[in-house]
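Visitor: Line by line, the protein sequences are chains Z and P.
Using our numbering, the first residue of the first sequence is number 519, and each one after it goes up by one.
Using our numbering, the first residue of the second sequence is number -13, and each one after it goes up by one.
These aren't lab readings, by the way, just hints derived from the structure by calculation.
We treat Cβ as the ideally placed atom computed from N, Cα and C, and that holds for glycine.
One or more of the hints may lead you astray.
Restraint ranges, calculated between C-beta atoms of paired labels, are given here [to be verified]:
| id | chain 1 | residue 1 | chain 2 | residue 2 | range |
| --- | --- | --- | --- | --- | --- |
| 1 | Z | A818 | P | W200 | 38 to 44 Å |
| 2 | Z | G679 | P | L203 | 49 to 55 Å |
| 3 | P | N299 | Z | I634 | 32 to 38 Å |
| 4 | P | A53 | Z | G679 | 38 to 44 Å |
| 5 | P | K398 | Z | A608 | 33 to 39 Å |
| 6 | P | A53 | Z | S653 | 50 to 56 Å |
| 7 | P | N299 | Z | L821 | 40 to 46 Å |
| 8 | P | G30 | Z | T527 | 42 to 48 Å |
| 9 | P | K296 | Z | S653 | 44 to 50 Å |
| 10 | Z | V690 | P | Q238 | 53 to 59 Å |
Covered stretches of chain Z, as calculated for chain P (at least 3 residues, CB under 8 Å) [unchecked claim]:
| id | stretch |
| --- | --- |
| 11 | 659 to 669 |
| 12 | 770 to 778 |
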Amino acid sequence: MSVPTRSHTLRDIMIGCLVIAALAAIPFLLPSKAFQDFVIRCSSMALFATSLNLLVGYTGLSSFGHGLFYGLGTYSFALLMQKTGLPLPAAFVLTLLLTAATAVVVGAICIRLRLIYFAFVTLAMQMLAHSIVISWVGLTGGDQGLQGGIPRRVVAGIDLGNQYHLYIFSAVLLVIGLLLMRHIVSTSFGTSLRMIRDNEVRAAFLGIVVWRVKLTVFVLAAVFAAVGGIVMSLFVSGAYPELINWPISGDAIFAIVLGGVGSFLGPTVGASILLLLNDVVTRQTEYYGLALGIIILLFALGLRRGLLDFITQRLGGRPAGGIS
Amino acid sequence: MPEPSARMGRRTVLAASAATLAAPWVARAQSNPIKIGIQSIFSGPIALLGVSSRGAIQPEVDRINAAGGLLGRQIQPIYRDSKGKPQEAARVARELVNTDGCEILLDAEASSGAFAVQEVVRDLGVLCVHSNSETSSLTADPKLRVATAFRCARQGVHDAIVGGAHSAKVADAKKLVKWATCSPDYAFGRDTTAQFLDFLKHFRPDTQVTTQAWPKLGQPDFTEVITKIIQAKPQALYSALYAGDLSAFINQGNVYALFGAMETFIPAMGDLPVLTTVKSLPPGIQSANRYLPTFPDTKENRAWYEAYRKANNNDYPTNWSWENATAVRFIEAAVKKAGSTDGKKASAALAGLTIDSPFSNSGKVTMRAEDHTLIDYAIGWGTTIPKPPFVTGIEPADWGQITELETEWKKKSGYL
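Next up, chain P with everything else stripped away, as it sits in the complex (with noise of 0.2 Å):
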């Protein structure tokens, strides 16, 4: 029979030899500064997506931490990359709470990789903000909202609701009856392009849609689309396509001077990558704002223009840029308010609050207490020029009317 002590110091040998295999899941958790883990695409062609998602969350919380850090805390982010993989995104969440620590999870993915999250949370129960996902079921949804989970982004629903309204308007103005539509081939596009059209023919039940062209994600080649467009004769054109794929379809599209055939509708032209790598921009084209110095036109945005730009090497901000921004600034206020990191505290603290912001026409935005999503930003469209700033006469939506229009939408689709 072995000496107790010899026995204690097998074990203390064999705990010693396991937590040495184990070493990286270990958890840190007890370190001293808050750590926040952000999850976005780092790599592959949308890696523009967690690339000027990171370039505005470093900033807010380098600002944070020079004024001393929140609740007497230093913040740090650990950013991972989910390659754009719904497994792999519910995978990192959980490495980041499990594993790093993290108190907060700040979801720069995109919407499938959201989703994906938004379950993870629903298990761990850590304040959760989205800031990328425009889906609006994520929250809109109440079987997929969760207690501890918020979006800090622009919505879908909002889009199209100020889409239709903006559109109808220049279609009462101009006669446009006959429209088509040219939308990426998958859920976002034709999620888009449909609700586009409710609220267009919500505004306008004349309209007419003669054809509708589906190309896919990243197709180089728009010939067959722009020509199909052409051959229908439409009046009016409304198209979803975003980020590189738009900057590749104006191109094409002015070759066959596409744009000067009919009005134009395209609500993601109002994004500086687009505006500034499309070799001719077409004037004339009735686009919405996604992220621009110009809107809304106050010292604080273009402050927060600039300084965006120094520290990212004069990159131009993106929509996700403004988006991550402000989720930084609901942590910060939920957690000051709270006084705890504790997801139910934090969560508490969050929903309902408002706080100031340059991103926004009333120079503040509101977390939405009964669905825990984002309102009152800046959100408006208005006519593309081809030199800076591109949009001009960018007309501010009404929150009101979109707030009253959401709601019928919601109930249409059974959300309330």
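Only chain Z is shown next, with the shape it has when bound in the complex (with noise of 0.2 Å):
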């Protein structure tokens, strides 16, 4: 892919600024507090899921321990709002620059591995974090998670305890975030992720610094993870250990195997039918794992893709992550 000209970042720009007004809108022309939690955990999981994306579809490396660095967003906000009086952009930009830094730590280790070894030791690190959350009750609160509650202080007029405006800002983070991580996959830097996923030798032998820039995007997709993780933590005024345990992971892996991991906004698509799939079926019936299951079964065996893939491709198109 050739890297993104002014008109092409301009036109992204620009969908995105839309999609923000027209979801700030929504709320005037229907005001429903429950759609506004929809697309509260819906960037959430989007921005997770997408993050994920970036070094499953675009790197060719399977984490399943993604979910470390959703969870420490959670927690490194929710704890750095509740112990210390930071004002909101203070917490926000020292929670990302923890998890960073903590990603470069795991991703120094993990990069060297290759295939199975590589998601089975993200995976043992994720489970690591979360044995130090339950263990480390005093700061943590354990396995009652962080209790009393996320004070949300007021910044320039913005009060994250408005749901509206915790809403807007959601969404205005989502929106950000993916224009972000798409200019990432379209520079010159995301070429090189697909020809790592596609021939890692090949790239070494063209003069890609194979093992940085595994590294970089590693860091990049922990970082927009921890972003999905404060959303979280806001949401629902807390952490709690299930948010960085592992089965976290699976839920992004699943998002982005409904959504389509060949496509750029796959993952939003597939978080949005995960959530929907998850609040539909738990209304009508509590045996939501195997409804869960046999839909999930239904994309692998039926439509072969994720959905997203499946009508890029019905359409004639080819994804952009190039993966089917």
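Starting from the two chains in their separate frames, assemble the complex, guided by the hints.
Guide: What follows is the structure, encoded as structure tokens:
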């Protein structure tokens, strides 16, 4: 893929602005708090799943432990807001820096490995982080989670205790996050990612410093996952061990599988489907796991790919990630 | 330029289309019945929490509706499964209020879910009664307290005080000094055990703890734990294990004759699903009541027990069942008193409210105003026998002593 032109970037920014404007207007037409809740949760999961797809879809790194960074974002932000008097932007930036630093260390260990070994070491890292959260009761609240709520200090008139403000905040973070990730995969760096995915040895022969590119995308993906985690911590007003436990990584993988690994917006579509399924199925039956399993089987055996990849291919296009 | 009427038409069409797309989220709050949102764990290994809670809630709701409803409106319970995930508990609580139009929340979640719901209630301002969380800090810690949230469940610190006092009395009589503990390896198990030992040492300062075992939740094999306890040669054993883990521990402990070798104290033993699933219930285990039809030994309690079993395919009620039945009765009384389901008004009515109850030795339970928590419920310790009624000689606790020591504990914990 060629380096993005200024017009492409401007087009993407314009679309992003339109999406934010549309989302901002919806509550005035349909004052449904549940819809706002859905968008907040969807923003969180979409950022998380799309960041994972930077590794899985674009670089060929199948991480089973990406939820470590989602959970780290949740806990770091919640703790900084609760235990310190920092304003929200400072806590936000510090959370991302902390996540990036952790990702450098974890990534330096993991990217030396390939295929299933990489997958399982990332999973082991997440399980280690989960164990630390459970054991460090004094700081994290252990298995009861971080209790007492997150004080949402007002900044420049933005009160994240107000649902509409949180809704807009989450939507803006989602759009900015997607635009940045879109930009990343559209640059020559993104091309390097795809080369590494397709043939790592050839990429190295062409002069790409493979470990550096892998480590960079690992850290970038971690930071975007942490942004998703921050949104979730604001939504639940706390942090809970389930948000850093390994099944949360499974949710992101499900989102990618449902939406499509080869389309940039596939994980966002998948996150929406996953959450809708959860909300609809939970209202109807207590056998949520069974229903979800059947639906994923239908996708895997029926469509043989994610929904957006399927649609893109039916329309004669080639998925952006070029996977299928 | 389009005609005004045409513009209106397009807007109407657009609004109708958007409404159709957003139909799943559109609130339907203006319906007539009083909707009560009830969330719990209805699936997975601890589905008994939700199932036995629902089993007690539904007959209470049916009773109220058969008598004409509440404030002239029928009650419509809406049950939702949170799957034991706190983030899902928070989402479900919001959905119940924002989408389903629930005016009241009956939160039958386990503790981690209850803490998540507490924060949602802080935002939404509806009346919420937590009916299963026993973690004391939920209502004891003023930083966590919420004006419209209440706990209608037994509390960890109450059990620790009563367990400490009873165990100290037995220890005095039988000269028990060396203790072992065996509790689940997570916050509940560790906190409950620490609180029990604190109060035991308060009454018996010469208590020594020789060993502590921490089996994992759902651990299938307790051999290592049992061997560790036997090797330490304690005179007494305390365990905060419960439900399926407790049944497995008792069954495997029987193989090693563990319970004949030492005096055993297990507060969660006195719950019928445990008592009836243990293959060979050892006699002489000191046990607190969770729910027992014989404690309090009144015709009201017995009648409730029979009615529960009749309504639930002959299943046994659990501790969670009486707590949820009580929660519905408190909601009923508070809404009647306030004449409204409004969060602030109903909460003002509920704080300090006393109602008649079959689950109290005094025949009444109270929602204490100062910390929005349940007191005066039946709590006591007895001894197991291998046949019904399974636990005998239950000695009711002194609520005066509980309140006094609870106040001391709150001061020590920085809550007062």
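Visitor: Mind checking the hinted window 33 to 39 Å against the Cβ distance between K398 of chain P and A608 of chain Z?
Guide: Holds - the Cβ-Cβ distance for K398 of chain P and A608 of chain Z, about 35 Å, lies within 33 to 39 Å.
Visitor: For the stretch 770 to 778 of chain Z, do at least 3 residues have a Cβ located nearer than 8 Å to some Cβ of chain P?
Guide: violated (count 0)
Visitor: Should the hint that N299 of chain P and L821 of chain Z are 40 to 46 Å apart at their CB atoms be regarded as holding?
Guide: holds (42 Å)
Visitor: Just tell me: holds or violated, for the beta carbon distance of G30 of chain P and T527 of chain Z against 42 to 48 Å?
Guide: holds (47 Å)
Visitor: Taking 38 to 44 Å as the stated bounds, is the beta-carbon spacing between A53 of chain P and G679 of chain Z within them?
Guide: holds (40 Å)
Visitor: For the range 38 to 44 Å, tell me whether the beta carbons of A818 of chain Z and W200 of chain P fit it or not.
Guide: Since the Cβ atoms of A818 of chain Z and W200 of chain P sit about 41 Å apart, the hinted range of 38 to 44 Å holds.
Visitor: Falls inside 44 to 50 Å, the C-beta gap from K296 of chain P to S653 of chain Z?
Guide: With a Cβ separation near 46 Å, K296 of chain P and S653 of chain Z satisfy 44 to 50 Å, so the hint holds.
Visitor: I want to verify a distance hint. Is the separation of the beta carbons of A53 of chain P and S653 of chain Z within 50 to 56 Å?
Guide: Distance hint for A53 of chain P, S653 of chain Z holds at roughly 51 Å.
Visitor: Note whether the CB distance of N299 of chain P and I634 of chain Z lies within 32 to 38 Å or breaks it.
Guide: violated (47 Å)
Visitor: Has the hinted range 53 to 59 Å been met by the Cβ atoms of V690 of chain Z and Q238 of chain P?
Guide: 56 Å Cβ-Cβ, so the 53 to 59 Å window holds.
Visitor: So is the stretch 659 to 669 of chain Z in contact with chain P by the C-beta rule, three or more residues under 8 Å, or is the coverage claim wrong?
Guide: Check passed, 8 qualifying residues.
Visitor: Does the hinted range 49 to 55 Å hold for G679 of chain Z and L203 of chain P at CB?
Guide: Because 35 Å falls outside the window, the suggested range is violated.
Checked against the numbered hints above, the structure breaks hints 2, 3, 12 and satisfies the rest.
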